[in-house]
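Enquirer: The primary structure of each chain is shown beneath.
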Amino acid sequence: AQSVTQLGSHVSVSEGALVLLRCNYSSSVPPYLFWYVQYPNQGLQLLLKYTSAATLVKGINGFEAEFKKSETSFHLTKPSAHMSDAAEYFCAVSLNTGGFKTIFGAGTRLFVKA
Amino acid sequence: DAGVTQSPTHLIKTRGQQVTLRCSPKSGHDTVSWYQQALGQGPQFIFQYYEEEERQRGNFPDRFSGHQFPNYSSELNVNALLLGDSALYLCASSLARQFNEKLFFGSGTQLSVL
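Taken in order, these protein sequences are the chains called A and B. Counting in the numbering used here, the first sequence runs from 1032 upward without gaps. Counting in the numbering used here, the second sequence runs from 2 upward without gaps.
It is possible that part of the hints are untrue.
[Said to hold, decoys possible] Calculated cross-link-like contacts (lysine-lysine; reagent style DSS-like; alpha-carbon spacing at most 27 Å): (1) A/K1089 x A/K1132; (2) B/K103 x A/K1099; (3) B/K103 x A/K1100; (4) A/K1132 x B/K103; (5) A/K1089 x B/K27; (6) A/K1089 x B/K103; (7) A/K1080 x A/K1100; (8) A/K1089 x A/K1099; (9) A/K1132 x A/K1080; (10) A/K1099 x A/K1132; (11) B/K103 x A/K1080; (12) A/K1100 x A/K1132; (13) B/K27 x A/K1132; (14) B/K27 x A/K1080.
These are computed hints drawn from the structure, not numbers from a lab. Bear in mind that the values here come from a model prediction, so they are computed numbers and not experimental data.
Using the sequences and the accompanying hints, generate a full structural model.
Expert: Structure representation (C-alpha cells):
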C-alpha cells in the first residue's frame, strides 16, 4: 500500500538550531507530497507541497523540503528553529484511487528549547 | 471568506449512542473529506464526498456513514459508539478538479465516548 513513514515521533532542538524532520514515502508513481503543521487544538495547515516543478520546495515560516526520488524521501528542514515552531508536523501523500485522497504519516512532534 | 467550519467543537457521548458531526467547507470548495485523529496519531482517512456521493472510503466500519448536501456541507454519523471512537474528527475541503491542491481543515470536533 502506498504510504508515508515519519521517522521519529518526537524531535527536540534548541532555539536557533537546525530543524530536520524525516519523511519517506512508498509510491509506484510520482507522488504528490505535502507537509502540514498542527498547533494545539487546531486543524492542520499546509506548510508546503511538492509539485514536480522543482525538487527543493520552499514553504511558509522558513521551512523547506527536498524531494529525493532515489531515496524516496521528502525531509523537512528549517535552518534556525524558533520557539513558535513547536508543533506537530505531518508528512502526507495524495493518492489517485479513482479520485484523490490524502494519506498522512503518524506525525512528529517538534520541541524547541530556549 | 469563511474557512472550514465544524460543529460542535466538543461532544461527550456514552457507549452505544449515535452522534452526528457537521462541516461547512470553504467557500467555493466542492469536496469534503473526513478524518479521525486519535491522540498522538496522524489523521486517518474515513471517507470523501463529492457531488453528494461517497467517492472514496478508508478502512472504517459501516458504523461510520456520511452525507453531503447540495450546498456542499457534510455530516459524519457514527452509530453504536465504542470507547475507541474517542478522537478528534477533522473535516477538510478541497476542489475536486485540482488534483494536487492542498486540503483546508477545520479545527475539528473532539468526541469523547464514556
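Enquirer: Can you give the numbers of the hints that this structure goes against, from lowest to highest?
Expert: none
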